[in-house]
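Student: Here the protein sequences line up with chains A and B, keeping their order.
Its first residue numbered 19, the first sequence is counted upward by one per residue in the numbering used here.
Its first residue numbered 381, the second sequence is counted upward by one per residue in the numbering used here.
Since the hints were made in silico from the structure, they are not lab data.
Computed from a predicted model, the values in this text were never measured in an experiment.
We treat Cβ as the ideally placed atom computed from N, Cα and C, and that holds for glycine.
Any given hint might turn out to be false.
Under the rule of at most 27 Å between Cα atoms (straight-line distance), these lysine-lysine pairs were calculated in the BS3-like manner [as the list claims (entries may be wrong)]:
| hint | chain 1 | residue 1 | chain 2 | residue 2 |
| --- | --- | --- | --- | --- |
| 1 | B | 391 | A | 88 |
| 2 | A | 124 | B | 451 |
| 3 | B | 391 | B | 451 |
| 4 | A | 88 | B | 394 |
Covered stretches of chain B, as calculated for chain A (at least 3 residues, CB under 8 Å) [to be verified]:
| hint | segment |
| --- | --- |
| 5 | 421-430 |
| 6 | 482-489 |
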Amino acid sequence: GQQLNQSPQSMFIQEGEDVSMNCTSSSIFNTWLWYKQDPGEGPVLLIALYKAGELTSNGRLTAQFGITRKDSFLNISASIPSDVGIYFCASLEGSGGGADGLTFGKGTHLIIQP
Amino acid sequence: DTGVSQDPRHKITKRGQNVTFRCDPISEHNRLYWYRQTLGQGPEFLTYFQNEAQLEKSRLLSDRFSAERPKGSFSTLEIQRTEQGDSAMYLCASSSTGGFQPQHFGDGTRLSIL
Numbered sequence: 019g020q021q022l023n024q025s026p027q028s029m030f031i032q033e034g035e036d037v038s039m040n041c042t043s044s045s046i047f048n049t050w051l052w053y054k055q056d057p058g059e060g061p062v063l064l065i066a067l068y069k070a071g072e073l074t075s076n077g078r079l080t081a082q083f084g085i086t087r088k089d090s091f092l093n094i095s096a097s098i099p100s101d102v103g104i105y106f107c108a109s110l111e112g113s114g115g116g117a118d119g120l121t122f123g124k125g126t127h128l129i130i131q132p
Numbered sequence: 381d382t383g384v385s386q387d388p389r390h391k392i393t394k395r396g397q398n399v400t401f402r403c404d405p406i407s408e409h410n411r412l413y414w415y416r417q418t419l420g421q422g423p424e425f426l427t428y429f430q431n432e433a434q435l436e437k438s439r440l441l442s443d444r445f446s447a448e449r450p451k452g453s454f455s456t457l458e459i460q461r462t463e464q465g466d467s468a469m470y471l472c473a474s475s476s477t478g479g480f481q482p483q484h485f486g487d488g489t490r491l492s493i494l
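All chains should be built: construct the whole structure from the sequences, respecting the hints.
Tutor: In structure tokens form, the structure reads like this:
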């Protein structure tokens with residue numbers, strides 16, 4: 019199946035810094051999703067992107083769907099301690115009319131030093 | 381909206397035993413998904429239901445695994461003759477119908493095989 023490559027694998031930053039992470043694939047996707055997962059909990063949807071070139075914000079988070087449809091990035095501005103967690107990109111695995119299982123990247127682990 | 385509920389949250393069992401997990405999706409969500417997540421990885425798709433019909437199964441779903449959604453509401457995932465490699469977090473997600481709808485995840489059942 020398709021693979022999503024996330025980078026960086028982990029980030030150690032200072033509180034207040036901006037964060038940027040990305041996700042790439044060799045395949046074309048029609049949808050990109052960004053989730054955040056805290057320890058012992060399920061992933062929580064942050065942003066969904068549906069069109070190439072689309073730029074969407076959710077508070078301090080901004081994500082873009084790459085023009086080539088093979089990549090996406092997520093930015094977090096002015097990081098705060100509660101931003102700590104693992105960020106996953108995800109997209110659809112097949113072409114089942116939107117009802118397919120998601121393919122996830124391996125995640126970017128964000129660690130914030132106060 | 382009470383979110384996706386999974387039970388139990390943790391399960392410890394001996395190798396060779398059978399285990400069953402339950403998922404209650406968000407009410408009125410017709411689509412229900414099961415995923416497996418191992419340490420350091422993103423969730424991996426296992427299977428998908430639309431109402432009571434199981435429409436897709438991943439190659440990860442061996443013949444020891446069976447999932448049901450008898451009345452189109454809650455779902456169960458059973459693993460027979462558990463093996464060490466079955467230790468993982470089992471996540472359930474649900475979504476509404478109509479093209480692509482974002483999947484919302486429960487907090488998972490963590491399975492540990494002794």
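Student: Hinted pair, alpha-carbon criterion (27 Å max): residue 88 of chain A, residue 394 of chain B. Please report holds or violated.
Tutor: 43 Å, violated
Student: Starting from residue 391 of chain B, check that the Cα of residue 88 of chain A is at most 27 Å away, please.
Tutor: 38 Å, violated
Student: Go check the segment 421-430 of chain B versus chain A for me, would you? Three or more residues, Cβ under 8 Å, otherwise it fails.
Tutor: Coverage by chain A holds for the segment 421-430 of chain B (9 residues, Cβ < 8 Å).
Student: Taking a Cβ-to-Cβ distance below 8 Å as contact, does the segment 482-489 of chain B have at least three residues touching chain A?
Tutor: Result for this restraint: holds, n = 7.
Student: Has the given pair, residue 391 of chain B with residue 451 of chain B, been kept, meaning a C-alpha gap of at most 27 Å?
Tutor: 25 Å, holds
Student: Is residue 124 of chain A within 27 Å of residue 451 of chain B, Cα to Cα?
Tutor: It is violated: about 34 Å lies between the C-alpha atoms, which goes past 27 Å.
Checked against the numbered hints given earlier, this structure breaks hints 1, 2, 4; the rest are met.
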